[in-house]
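Colleague: Chain by chain, the residues run as shown.
Protein chains: 2
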Amino acid sequence: MTEFDRATASRPLEEGRRGVTVTDAWDTPNLTRNGGYILALMAEGMSHVSAKRDILSASVNFLKPHPLGDAAVHTEVVREGRRTATALGRLVADGVTTTTATVTFCDRTALDGALDRPDPVPPTLPDPADCIDAFGPVPRGTIKIADHFDYRHAAVPGWAQGTPSGQMEATYWTRFADGREPDDLALLLIPDAYPPVTAEIGVLGSATVQMTVHVRRRPAPGWLLVHVTTRQVADGFHDEDVDIWDATGRLVAQSRQLAIVTG
Amino acid sequence: MTEFDRATASRPLEEGRRGVTVTDAWDTPNLTRNGGYILALMAEGMSHVSAKRDILSASVNFLKPHPLGDAAVHTEVVREGRRTATALGRLVADGVTTTTATVTFCDRTALDGALDRPDPVPPTLPDPADCIDAFGPVPRGTIKIADHFDYRHAAVPGWAQGTPSGQMEATYWTRFADGREPDDLALLLIPDAYPPVTAEIGVLGSATVQMTVHVRRRPAPGWLLVHVTTRQVADGFHDEDVDIWDATGRLVAQSRQLAIVTG
Numbered sequence: 009m010t011e012f013d014r015a016t017a018s019r020p021l022e023e024g025r026r027g028v029t030v031t032d033a034w035d036t037p038n039l040t041r042n043g044g045y046i047l048a049l050m051a052e053g054m055s056h057v058s059a060k061r062d063i064l065s066a067s068v069n070f071l072k073p074h075p076l077g078d079a080a081v082h083t084e085v086v087r088e089g090r091r092t093a094t095a096l097g098r099l100v101a102d103g104v105t106t107t108t109a110t111v112t113f114c115d116r117t118a119l120d121g122a123l124d125r126p127d128p129v130p131p132t133l134p135d136p137a138d139c140i141d142a143f144g145p146v147p148r149g150t151i152k153i154a155d156h157f158d159y160r161h162a163a164v165p166g167w168a169q170g171t172p173s174g175q176m177e178a179t180y181w182t183r184f185a186d187g188r189e190p191d192d193l194a195l196l197l198i199p200d201a202y203p204p205v206t207a208e209i210g211v212l213g214s215a216t217v218q219m220t221v222h223v224r225r226r227p228a229p230g231w232l233l234v235h236v237t238t239r240q241v242a243d244g245f246h247d248e249d250v251d252i253w254d255a256t257g258r259l260v261a262q263s264r265q266l267a268i269v270t271g
Numbered sequence: 009m010t011e012f013d014r015a016t017a018s019r020p021l022e023e024g025r026r027g028v029t030v031t032d033a034w035d036t037p038n039l040t041r042n043g044g045y046i047l048a049l050m051a052e053g054m055s056h057v058s059a060k061r062d063i064l065s066a067s068v069n070f071l072k073p074h075p076l077g078d079a080a081v082h083t084e085v086v087r088e089g090r091r092t093a094t095a096l097g098r099l100v101a102d103g104v105t106t107t108t109a110t111v112t113f114c115d116r117t118a119l120d121g122a123l124d125r126p127d128p129v130p131p132t133l134p135d136p137a138d139c140i141d142a143f144g145p146v147p148r149g150t151i152k153i154a155d156h157f158d159y160r161h162a163a164v165p166g167w168a169q170g171t172p173s174g175q176m177e178a179t180y181w182t183r184f185a186d187g188r189e190p191d192d193l194a195l196l197l198i199p200d201a202y203p204p205v206t207a208e209i210g211v212l213g214s215a216t217v218q219m220t221v222h223v224r225r226r227p228a229p230g231w232l233l234v235h236v237t238t239r240q241v242a243d244g245f246h247d248e249d250v251d252i253w254d255a256t257g258r259l260v261a262q263s264r265q266l267a268i269v270t271g
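Protein chains in written order, with the working numbering: chain B, 9 to 271; chain Z, 9 to 271.
Excised from the complex, chain B in its bound form (with noise of 0.2 Å):
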């Protein structure tokens, strides 16, 4: 079993609930859980209710920080139609919600693409072959949930080497370094499992408020091309919108979220 899915196992518990176990391995650097690790980890455990098993889309409020341990994951269907199901999915650790999610389901087999147009093509970058593991310098544990990964880019990014460069923007190719393939309960983590762009601009703490993430489709094997850009910082908060290819160019996910500015 692979790290990420032995992270977001869930065993079944009285109707309508899942128990888990959340891990530190995931954490960012604020030893706080990753919110797409929890995303994914919700959604796991949600996924049982229907037949419907493959995810369209998943929105996902984060309330409060979620403690280490035992936790159980609540389950409510709020639809069951013919091609998705809807599920609201609340996380809970000693009797308190700590985090709310909302969930599409469908059977991606049964979609009807016959209306599809070409996919938008996927931003330029070198071959992962060809570019650089400019994180590779950093000792293991530093970034929990970047020991995980590979990550390839182009050149080391403006804020990595202490000289951010204003371009609130990053592109580069990702895999998780175990070899396991990425799917659509992968695609929910990955938006979240890189430092916010705003690091460009010189804000490195950033907490995420909401986040949603739709799965366009199902991903091919092998390395995920990303593109991450923030668009404006008003208010003391900041959107994130991330877009991911698969390794035969096309658009897998897309995901937005709100996050706090917090220094």
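These aren't lab readings, by the way, just hints derived from the structure by calculation.
Each hint should be verified, as a subset may be incorrect.
What the hints assert, rightly or not - Simulated coverage check for chain B against chain Z, where a stretch passes if three residues somewhere in it have a Cβ under 8 Å from a Cβ of chain Z:
no., segment
1, 76 to 85
2, 104 to 112
3, 115 to 126
To be verified - If you want a taste of the chain Z side facing chain B, the calculated C-beta under 8 Å gives, among others:
no., residue
4, T92
5, V104
6, T105
7, Q218
Unchecked claim - Keeping only pairs whose Cα atoms sit at most 25 Å apart, straight-line, the calculated SDA-like set for lysine to any residue is:
no., chain 1, residue 1, chain 2, residue 2
8, Z, K152, Z, A142
9, Z, K72, B, G210
10, Z, K72, B, R91
11, B, K72, Z, E84
12, B, K72, B, R116
Even glycine gets a Cβ: it sits at the ideal position worked out from N, Cα and C.
Model the placement of chain Z on the given structure of chain B, informed by the hints.
Modeller: Here is chain Z on its own, set in the frame of chain B:
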């Protein structure tokens, strides 16, 4: 009282519930309720549970078509923090939840913009007085929701002339036809108060599955500049991003929806 305030007004019922009356005056051309209207109606009803009344972020899932007439907004506060309050909402008619929403409220006057950066530059469009009323010739009642707005375009959109451009994009000015000024509640409606830009590839049938709106600033009085784009139609679903600038050129809202292509 303006049309919009009347259509979204709520009255107290028992604790955590507000009564609303869902009207057909904001219907889509399919004679179903407009999603943005439903979200604004829910957010108004939900806003009474906290002293924080300004909307920061709202996400909504449309589960089934909502019937006309009396309904109830059920609200559960899941977080009451220092800067924000978050609530889960359900719109219920005849015992059936048709729509779920999560709304984060704030007191915008208390937010800290010390680290703010310049807003992204709005798209270029002639002043409203130098634009055309492209939808003016549409007989009133054809698109009920459009009757509540003025729209100004640089040119008549391709699809409206029977010659779809192939470019799933639109830029236009809008304001309430009755002179109501924009506010955060209006910014939940306006992202959905325009035909889907998939019309430019000949696809007019679209039903919103999920929509998230982040309100980034309090809008100034006057016209709003709206930019709409769809980037991908895949597996029978399309995205739609809507950015809204106010009359002073500030980005006041960012919306994204995932919709199912219905033909």
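Colleague: Evaluate each hint against the coordinates.
Modeller: Results of checking the hints against the structure:
1. 76 to 85: violated (count 0)
2. 104 to 112: holds (count 4)
3. 115 to 126: holds (count 8)
4. T92: holds (7 Å)
5. V104: Violated: closest Cβ of chain B sits about 10 Å from V104 of chain Z, beyond 8 Å.
6. T105: Constraint on T105 of chain Z satisfied, holds at 6 Å.
7. Q218: Constraint on Q218 of chain Z satisfied, holds at 5 Å.
8. Z:K152 with Z:A142: holds (16 Å)
9. Z:K72 with B:G210: violated (45 Å)
10. Z:K72 with B:R91: holds (13 Å)
11. B:K72 with Z:E84: holds (16 Å)
12. B:K72 with B:R116: This hinted pair is violated, its Cα atoms lying about 33 Å apart.
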